[in-house]
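Quick mapping for you: the protein sequence lines, in order, are chains A and B. For the first sequence, this note's numbering gives the first residue as 1, with consecutive numbering after it. For the second sequence, this note's numbering gives the first residue as 1, with consecutive numbering after it.
Be aware that a few hints might be false.
Said to hold, decoys possible - DEER-style ranges, computed between Cβ atoms:
#1 G159(B) <-> V97(A): 32 to 38 angstroms
#2 L38(B) <-> S119(A): 43 to 49 angstroms
#3 Y53(B) <-> Q469(A): 50 to 56 angstroms
#4 G111(B) <-> A31(A): 31 to 37 angstroms
#5 G82(B) <-> V324(A): 35 to 41 angstroms
#6 S119(A) <-> V9(B): 52 to 58 angstroms
#7 G120(A) <-> E155(B): 42 to 48 angstroms
#8 S119(A) <-> H51(B): 37 to 43 angstroms
#9 M1(A) <-> H51(B): 25 to 31 angstroms
#10 L38(B) <-> V97(A): 40 to 46 angstroms
#11 T360(A) <-> L38(B): 51 to 57 angstroms
#12 N217(A) <-> Y81(B): 51 to 57 angstroms
Claimed, not checked - Residues on chain A that point at chain B, a partial pick, calculated with CB under 7 angstroms:
#13 E154
#14 G163
#15 K171
#16 Q174
#17 D286
#18 V430
To be verified - Quick list of in silico lysine-lysine cross-link-like pairs, DSSO-like style, CA-CA up to 27 angstroms:
#19 K72(B) <-> K178(A)
#20 K6(A) <-> K35(A)
#21 K151(A) <-> K72(B)
#22 K72(B) <-> K3(A)
FYI, nobody ran anything at the bench for these hints, they're computed from the structure. Every residue gets a Cβ at the ideal spot worked out from N, C-alpha and C, and that includes glycine.
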Amino acid sequence: MIKFSKQQLKIPQMSKPVYLVTGGMSKFDRAIPEKRTEELVIDAFLEAAEFIKKSPEELKEYIHSCYYGHFADHFGDQLLGEAVIHDRLGLDPLGNVGIKTGGATGGSTIWEAYKAVASGYSDTALAMGWERMDEVPTDEGNHYIASAADKDWETPMGHIYTGYYAVMAQKYWQVFGKEEESFRRTLAEIAVKNKGYARMNPHAQSPMKITVEDVLNSPIVADPLRALDCCLMSVGASCVILADEKTAYELTDNPLLLYTSAGSHTLRVADRRDMDIPLLPNESPDQYKDLGVRFPGGDRYPGFTGFLAARMAAYYAYGMAGIVDPTEDLDLVELHDAFTISDIQSYEDIGIRPYGEGRTYVESGDCYHTNPFTGQPGKLPANLSGGLIGCMHAVGATGIMQVIEVAQHIWGRWSEMHADEAKWKRFNRVKPDDWTDLQVKGAKRGLAISHAGVGSHVTATVLVHPDHQLKGRG
Amino acid sequence: MTTQNRGTVKVENGRYRVTGNFHYAYPNDPIRDESGKLLGITNPADMTHIHAYGGEAPFFENLSNAKLLGTKCANPKCETYGSIYIPYRIHCPDCLMRNEEVDLTELARKGASVHTFMITERTGAFNTLEKPIRFVNVEFEGVSTILMGYLSIGEPEIGMKVVPIFQTKNPTFTIMDLSWVPAGTSVEDLPEGFAF
Chain A
1 MIKFSKQQLK
11 IPQMSKPVYL
21 VTGGMSKFDR
31 AIPEKRTEEL
41 VIDAFLEAAE
51 FIKKSPEELK
61 EYIHSCYYGH
71 FADHFGDQLL
81 GEAVIHDRLG
91 LDPLGNVGIK
101 TGGATGGSTI
111 WEAYKAVASG
121 YSDTALAMGW
131 ERMDEVPTDE
141 GNHYIASAAD
151 KDWETPMGHI
161 YTGYYAVMAQ
171 KYWQVFGKEE
181 ESFRRTLAEI
191 AVKNKGYARM
201 NPHAQSPMKI
211 TVEDVLNSPI
221 VADPLRALDC
231 CLMSVGASCV
241 ILADEKTAYE
251 LTDNPLLLYT
261 SAGSHTLRVA
271 DRRDMDIPLL
281 PNESPDQYKD
291 LGVRFPGGDR
301 YPGFTGFLAA
311 RMAAYYAYGM
321 AGIVDPTEDL
331 DLVELHDAFT
341 ISDIQSYEDI
351 GIRPYGEGRT
361 YVESGDCYHT
371 NPFTGQPGKL
381 PANLSGGLIG
391 CMHAVGATGI
401 MQVIEVAQHI
411 WGRWSEMHAD
421 EAKWKRFNRV
431 KPDDWTDLQV
441 KGAKRGLAIS
451 HAGVGSHVTA
461 TVLVHPDHQL
471 KGRG
Chain B
1 MTTQNRGTVK
11 VENGRYRVTG
21 NFHYAYPNDP
31 IRDESGKLLG
41 ITNPADMTHI
51 HAYGGEAPFF
61 ENLSNAKLLG
71 TKCANPKCET
81 YGSIYIPYRI
91 HCPDCLMRNE
101 EVDLTELARK
111 GASVHTFMIT
121 ERTGAFNTLE
131 KPIRFVNVEF
141 EGVSTILMGY
151 LSIGEPEIGM
161 KVVPIFQTKN
171 PTFTIMDLSW
181 VPAGTSVEDL
191 PEGFAF
């Protein structure tokens, strides 16, 4: 579709509010040969139970239906792997379903659990995601990932997904980045930031203290993307428990309101027809009239530079939560930084910056925990977990990890979950001497974006502290 | 271990008739750490799939005839009536009526240009393209979509005029039978097996 009906633009109206009760994660790494997937899943579940001081048995008593995010059956070579995990968690005979939407699988898993609770089907639901990308070598892994592009029209070309993404990067780089050295450095700064934040996260796979020069000197993947601009391939699991209001307050005294929405766009970028830009609440109808003048070649929307799926997910989620301006109304975000350049594209799709101006979110220092130019708290810190570049991309677990990370800030428990020496030791990792507390002080509301493919599926999950709800929510 | 007698398929009376081997079984091996402790096993798998092109078959068949086929919405009641699609879409994405086939070969020869591109040395398993590979996303005048392909000659640039070439000798009947070269390339320079 390139035009939307009133019915399609309806802001979702849930039957009852849904709360995030708790969440937990395993260690994330490139390979975890010593553990089966079920062990990682149980690690995540135990952390979630312990977080609200419940035993696993106590928490399980509340669960009524289960949603399992696991994208690539190919990797583990086990169809119906969800049934294996469900059994090992001892949750039979409860209803369960597997969810697969590529890189957005984690977010989509929460979307399904959310609707189950909002509809009244379940008072409490489990959303659990995992991936293990260590069961084939990298070349074969790239082939499998490329199989998530169109098998007849795209996959035979190189069997390399990064390539299908890189054509978008090249277009954005030339049109909106104007091939400027300063823009290339801004991209590199995102990698420096996210790898750096990963150093404070015991779960994170790729903590690195690096400079812009290190990124610019890393091997070229597909110009302008270099190795350090790209996300990780990972193994690990993460889960959240969602509940209705009554049950949530039985389980914890501090649940968070949760809203999840979803958008989509064609699997092949090839099929994306030119259309008008759907507007977010902080944008005006005439705002983009001269976009093609300011950025020659930038007048085709979404073309190869925008993600309509992200824009639609944000449109629904902002309406549901009452968000008008994400930079003003939110205190932190976790974005799907598959590549530094797609991270910038996302700032525009979800309205943190207008189309064409994504780079200023980084260049202003707004995206940092502490603004490097002012020394003051960043206006809207992004990816304090380290994101997909620094923390992990264990596909089915990614979108869930992001939600947990945002929630821990709103709960004011980020430091507790990241400083714990015992956890660093358990994961066989060394806590850096300059470990820094990244807790966003006074965080009340946050957003996590889960994103698939070259923008085929995107979910937006907004978390709100119940004492700080926005007016005008749907 | 033999991989001879690879599986082939025919359709007779609307059914697949298969002959030959569609899988080859290899023995597995243990995976151990430095101390010799067992951590897992390898699981070899070599299997051939059967895949139906269905309504897209004319597109893949005609590449070997040096023809680039697209489709067009032929439903006058559709809001996007007349929209032209390449990749070939069997049905209109709006009205879902069956699209009409259109021959885009001449249009592609005269009015195709590079919308965006990328160059990479990296590929995945089963890649058959020479490295570095150069993807070009090709736009055509009057067509609503932008087709992905690979450039066989020269260095890509946004806005560059390109023309299609087709693997007419020993075609694979896949999208790899279609490639692109800069407009003005001479026939002697084309890769083996390809023609304009």
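Tell me the hint numbers this structure goes against, listed in increasing order. 1, 4, 6, 7, 10, 17, 18, 19, 20
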